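K.L.:
Chains as they are written, first to last, in the working numbering: chain E, -11 to 471; chain G, 2 to 138.
Simulated from the structure, these hints should not be mistaken for laboratory data.
Mixed in with the good hints, there may be bad ones.
[Claimed, not checked] Far from chain G by the CB rule (all over 10 Å, computed), these chain E residues:
| id | residue |
| --- | --- |
| 1 | Met15 |
| 2 | Gln236 |
| 3 | Lys276 |
| 4 | Ala404 |
[Claimed, not checked] Capping the alpha-carbon separation at 30 Å, the derived lysine-lysine pairs in DSBU-like fashion look like this:
| id | chain 1 | residue 1 | chain 2 | residue 2 |
| --- | --- | --- | --- | --- |
| 5 | G | Lys3 | G | Lys80 |
| 6 | E | Lys103 | E | Lys114 |
| 7 | G | Lys38 | E | Lys182 |
| 8 | E | Lys431 | G | Lys126 |
| 9 | E | Lys(-10) | G | Lys126 |
This one's a predicted model, so the numbers in the text were calculated from it and none came from an experiment.
For glycine and all other residues, C-beta sits at the position ideal for the given N, C-alpha and C.
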Amino acid sequence: MKKVQKSHLTPLPHSFWEIPVTFREDMRVPARVLSSEPLLDAIVGDRSLNQLVNVATLPGIQKAALVMPDAHEGYGFPIGGVAATEYPGGVISPGGIGYDINCGVRLMVSTLALKDIREHLEALSKELYAQIPSGMGKGGNIRLSVEEVDAVLREGAEWAVARGYGTREDLDYIESHGKLADADPAKVSENAKKRGSDQLGTIGSGNHFVEVDYVERLFDREIARAFGLSEQQVVILIHTGSRRLGHQVATDNIRRMMTAMPTYGIKLPDRELACVPFDSVEGQDYYKAMCAAANYAWCNRQIIAWEAQKAWENCFGDAGGKLQLLYDVAHNMAKIETYVLEGEARKVIVHRKGATRAFGPGHPELPDRYQAAGQPILIPGSMGTHSYVLAGTENSYDRTFGSCCHGAGRRLSRTAAKKQVNAPVLKEKLREEGVFIEAGSYKGIAEEAPVAYKDVEMVVDVVAASGIAKKVARLRPVAVIKG
Amino acid sequence: MKIEYLPHTADVVMRVEAPSQAALFEGALRGMAGLLKEGFCEGTDALPRECHFALTAPDTTCLLIDFLSEVLTRTYTEKAVFCKAVFNSLSEDRMDVHVYGQEAGGLDEEIKAVTYHGAHISRNKGNHWVTSIIFDI
């Protein structure tokens, strides 16, 4: 198959570029890239746009296959991909959600400023590392029976709150209140439940982390006030998902769909896009299992937040106050949402793989406090660079099916990063710059070094220029906990 | 048998080459074990953990990916790394296999999943069986 080149892309308004439906005869809709020209040069360098063209062939896909400016090559879908399919007859594809179902980000705000904690940063990073299990093959401190796993899969973050991990108020500040009602634990395999029995409260490895940041700059003071953000304020960012339970749900269902696809006459250019009609038995079973895994992920982040609070109290006592949840949002998920297509409101199945839901002001899913501001969108950078808090706008509904970018996006392979980065030197350099790293291995530090990622400022500037989100605050890391 | 690990933007690509289907499957198993815990299977004779399972798949490539996925699942549920496979039967689209391994303690790499993306078993000029496999890590 021919590789997509920059010459195949036509510029559109609002920082979009289009690969026309004529590029390949099996495309059902065009493929659109949200990007600046410099970022596009990087994106065309790997196979992400060919993967996007493959997404444009999915049965029932609506309007366009989309990719955000933090795009990079994945498997099946590109990372940063968004695809909306017809409801209920269009397909659902586990590859459009990813193995880490409901991987997402949570931001908590403190009442302390950087000056209050600067002298205690090393102790805080060590305490967070001690309280929050992380790393390869590590289980957590909570061991669940199969019945308890079922309860977590049904109840999501509510399960944690009912057992003292946080407060009921937290649930208002989690996407979908931390619980998808369509979850059905009976659709989750015993293997998945076994894999999830000791994973609650753990961040895992790879690009997952817990990070202490401070608010370095505010861009929109009114929205920042609504979000409870102020300059120099210390905040904590958590990035992880449904851990091994979600990985197994995806594996089980991709395998099942591979066998089922011929029944529905579906042929695809890439097996990893395996999909079935949403309203088929296999489609419904996967959707209900995916919802259950999403609930597990929200419960996981709720418990990690409690562990972070415990570390915070151990360091600062009563003077540290409570960490308040600003928002918790997914970036690997499929949701049934309504958008205007061809002049009429229609339900669609929005797949987001490495893309964040981004609702504008007034959306009924948002808590009262954010009704005027729009949904908080949390964009982690990398250790040593910035992260961002954005706010959703109504423009995203028409342009990106209510979606935005999810991070900086990788530019180097892990192998290349390890070759380029001397991890002990990097750790020391970051320490000199005021960033304390606690990690399970030097390998993990090298793989996740800032040089491995694109420039997050460029990514955020594109989404702001496109009008799908507003810049609210820039965060700077001061302590990073990784597996 | 030849196993290579190649760079990929977010994940790991493993290329395996072997003189027969069974050798390819066992090579892929050992390659995955090496990724989970480097050198774990080298010079190891005692493999006290055993699992038995049977699989069917639409084709040989899917059978290989499903085989590795099944072993990966058991790696986590049994808390062991598996190094050896003994096939009771192995055809283009089905297998009956015993895999052997041992407890590993911590892992060097956490593999989320074995993907079908880009995997395709073919024969090279030397009539060896070859494929690449992308692991989501």
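K.L.:
Against this structure, judge whether each hint is valid.
P.N.:
Okay, the hints, checked on the actual structure:
1. With a minimum CB-CB distance of about 19 Å to chain G, E/Met15 clears the 10 Å threshold, and the non-interface call stands.
2. Residue-level check failed: E/Gln236 sits 6 Å from the nearest beta carbon of chain G, not beyond 10 Å.
3. No beta-carbon of chain G comes within 10 Å of the beta-carbon of E/Lys276; the shortest separation is about 20 Å.
4. Residue-level check failed: E/Ala404 sits 6 Å from the nearest beta carbon of chain G, not beyond 10 Å.
5. Taken as a hint, the G/Lys3 and G/Lys80 pair is honoured in the structure, with Cα atoms around 27 Å apart against an allowance of 30 Å.
6. Using a Cα cut-off of 30 Å, the hinted pair E/Lys103 and E/Lys114 holds, with the two alpha carbons roughly 19 Å apart.
7. Proposed proximity of G/Lys38 and E/Lys182 is supported: the alpha carbons are some 21 Å apart, at most 30 Å.
8. Using a Cα cut-off of 30 Å, the hinted pair E/Lys431 and G/Lys126 is violated, with the two alpha carbons roughly 37 Å apart.
9. A hinted pair counts as satisfied when its Cα atoms are at most 30 Å apart, and E/Lys(-10) with G/Lys126 qualifies at roughly 25 Å.
Hint compliance for this structure: hints 2, 4 and 8 are broken, all remaining hints hold.
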